[in-house]
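K.L.:
Quick mapping for you: the protein sequence lines, in order, are chains A and B.
Following our numbering, the residues of the first sequence are numbered contiguously, the last one being 274.
Following our numbering, the residues of the second sequence are numbered contiguously, the last one being 246.
Simulated from the structure, these hints should not be mistaken for lab results.
Heads up, the beta-carbon is just placed ideally off N, CA and C, and yes, glycines get one too.
Hints are not guaranteed to be accurate.
Every beta carbon over 10 Å from chain B, so not counted as near; a handful from chain A, in silico [what the hints assert, rightly or not]: (1) G29; (2) R212; (3) H239; (4) E240; (5) E257.
Not everything, but these chain A residues come out facing chain B in the computed CB check (under 10 Å) [stated by the list, open to error]: (6) P57; (7) L151; (8) G153; (9) L213; (10) P264.
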Amino acid sequence: MLEVEDLRVAYPTRRGMTEVVRGVTFSLGQERLGIVGESGSGKSQTGRAILGLTPSPGQVTAKRLEFDGQDLRNATHAQWRKLRGARMSMVMQDPKFSLNPVMTIGAQIVEVARLKRNLSRAVAKTAALDMLAAVQIRDPERVFAAYPHELSGGMGQRAMIAMMLVTEPDLLIADEPTSALDVTVQLEVLGILDRLVTDRGMGLIFISHDLRLVSSFCDRVLVMYAGRVVEEVRADRLHEARHPYTQGLFRCLPTIEGNAGPLPTLERDAEWAI
Amino acid sequence: MLNIESLNVTYPGGVVAVEHADLFVRDGESFGIVGESGSGKSTVLRAICGLAPVTGGQVLLDGTPLSSPRPASFYRRVQMVFQDPYASLHPRHTIDKVLSEPLAIHGFDNREQRIERALEDVGLGTGFRFRYPHQLSGGQRQRVAIARALILEPKVLLLDEPTSALDASIQAEVLNLLDRLRAERGLTYVLVSHDLAVVAHMCGRLMVMQNGRIVEELSRTDLQGQRAGNAYTQSLLAASQGYRRG
Chain A
1 MLEVEDLRVA YPTRRGMTEV VRGVTFSLGQ ERLGIVGESG SGKSQTGRAI
51 LGLTPSPGQV TAKRLEFDGQ DLRNATHAQW RKLRGARMSM VMQDPKFSLN
101 PVMTIGAQIV EVARLKRNLS RAVAKTAALD MLAAVQIRDP ERVFAAYPHE
151 LSGGMGQRAM IAMMLVTEPD LLIADEPTSA LDVTVQLEVL GILDRLVTDR
201 GMGLIFISHD LRLVSSFCDR VLVMYAGRVV EEVRADRLHE ARHPYTQGLF
251 RCLPTIEGNA GPLPTLERDA EWAI
Chain B
1 MLNIESLNVT YPGGVVAVEH ADLFVRDGES FGIVGESGSG KSTVLRAICG
51 LAPVTGGQVL LDGTPLSSPR PASFYRRVQM VFQDPYASLH PRHTIDKVLS
101 EPLAIHGFDN REQRIERALE DVGLGTGFRF RYPHQLSGGQ RQRVAIARAL
151 ILEPKVLLLD EPTSALDASI QAEVLNLLDR LRAERGLTYV LVSHDLAVVA
201 HMCGRLMVMQ NGRIVEELSR TDLQGQRAGN AYTQSLLAAS QGYRRG
């Protein structure tokens with residue numbers, strides 16, 4: 001469904017162009033793909049570049065960037081408008097900053113549904129209410145009429161997922177969708193995403209810094225370091241990862257079962273960044 | 001050492017943040033408080049420092065009830081490290097200024113040596129002394145925040161989510177630093193975190209809070225043996241294992 005080859009994102013600095021994503025290659029089908037890395041590894045920039053959302057003056061180049069056979073590299077504004085929202089969507093980290101604070105949740109979802117699926121007002125409203133129920137909001141009517149500030153973090157994130165999914169996209173990029181949520185709520189939101197991938201055959205790119213969470217949720221994981229993919233592993237084989245960075249990242253996490261001795265720290269090798 | 005008796009905290013507007021909290025922390029112990037957002041765990045720390053509107057109960061240090069506002073002598077014995085190292089350091093003060101201010105307030109001598117020593121102790125070195133916070137990474141800033149708290153040689157350190165804004169590899173370094181400092185100086189820690197694994201690693205005893213109430217108190221061995229009596233604690237334990245399909 002999605003083919004990415006040698007994706008590069010660069011930003012101009014005083015010392016010339018600095019590449020923050022340096023040759024990322026992968027393909028995605030109907031699966032859950034995790035992208036893991038620490039801050040500054042380029043994982044979010046990769047997600048944004050796929051949707052053409054790299055902020056100016058950033059520059060994106062790629063040997064191949066194809067979604068469902070369409071070349072995205074030189075897509076026009078009109079092409080992007082047809083794709084974004086309708087066929088590929090993005091869920092951001094914090095619902096507080098991604099929802100419009102002066103529109104009700106319902107109005108925002110209806111707007112997306114009408115614009116992207118050309119639904120009539122009445123049909124769009126039904127679709128929005130159904131979607132809110134699908135993300136396990138107990139009282140969809142109340143949330144439909146509520147403003148973002150009236151919702152908790154978990155509710156807001158569900159409302160945002162509902163908004164992104166009301167258009168029934170084929171590809172969803174979720175950038176730290178649960179990092180701002182409490183652990184128990186986090187698992188509920190992941191459960192919703194999981195079901196949508198399974199039931200609708202959606203492709204999901206799950207971007208996160210949380211190695212443990214990603215390994216328990218995704219099928220496949222790309223580990224990024226300094227703008228490159230240093231390793232690709234099956235999620236259930238993460239403990240067998242070969243790259244010293246992945247190993248270090250996994251081991252430095254404290255565990256409940258572990259002893260109280262010092263945690264192994266990550267010794268960075270300058271060669272990883274080359 | 002540190003004692004809380006039936007503490008109540010109510011914010012203006014009637015929001016009850018903490019209800020009937022009792023807590024006893026022994027000398028030299030590392031005590032953890034776990035809970036989700038809004039559970040009142042940070043408010044307990046702020047109440048100890050005199051930063052929250054206490055509406056009932058009392059806080060005792062070495063058996064003596066603390067007066068409000070807290071006297072300067074209190075802050076020489078109890079210091080706090082906050083969650084966000086980006087927000088807790090003054091952006092226009094150099095590290096030198098950040099560290100010398102508490103020394104000046106409390107009338108310490110040998111300030112030069114104390115600042116240099118504090119920077120060495122947290123593994124930064126004196127090269128960082130005249131930098132500004134924006135020239136440091138998140139982990140380095142949190143080390144500065146720890147140095148600032150320790151420069152007054154307190155006995156108790158209150159840690160409010162000290163590593164949740166940091167990357168996993170940096171978190172390991174800061175946790176190891178905190179562990180080493182506690183062993184070297186016989187410090188007492190009260191550590192607040194939403195991460196059960198961090199608390200299990202750092203603390204011998206912990207309590208779980210939910211909606212402003214203490215739901216359970218247990219030891220690290222209880223936690224490791226999955227011996228949680230309370231349903232909420234059990235759900236936190238299950239959640240810390242990651243996602244389970246089906």
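K.L.:
Hints first: check each against the structure and report whether it holds.
P.N.:
Status of each hint after checking the structure:
1. G29: 18 Å, holds
2. R212: 5 Å, violated
3. H239: Non-interface label on H239 of chain A holds, nearest chain B Cβ at 13 Å vs cutoff 10 Å.
4. E240: E240 of chain A clear of chain B: closest Cβ-Cβ about 17 Å, beyond 10 Å.
5. E257: 6 Å, violated
6. P57: 22 Å, violated
7. L151: 14 Å, violated
8. G153: At 7 Å from the nearest chain B Cβ, G153 of chain A passes the 10 Å test, so the hint holds.
9. L213: Constraint on L213 of chain A satisfied, holds at 6 Å.
10. P264: 7 Å, holds
Hint compliance for this structure: hints 2, 5, 6 and 7 are broken, all remaining hints hold.
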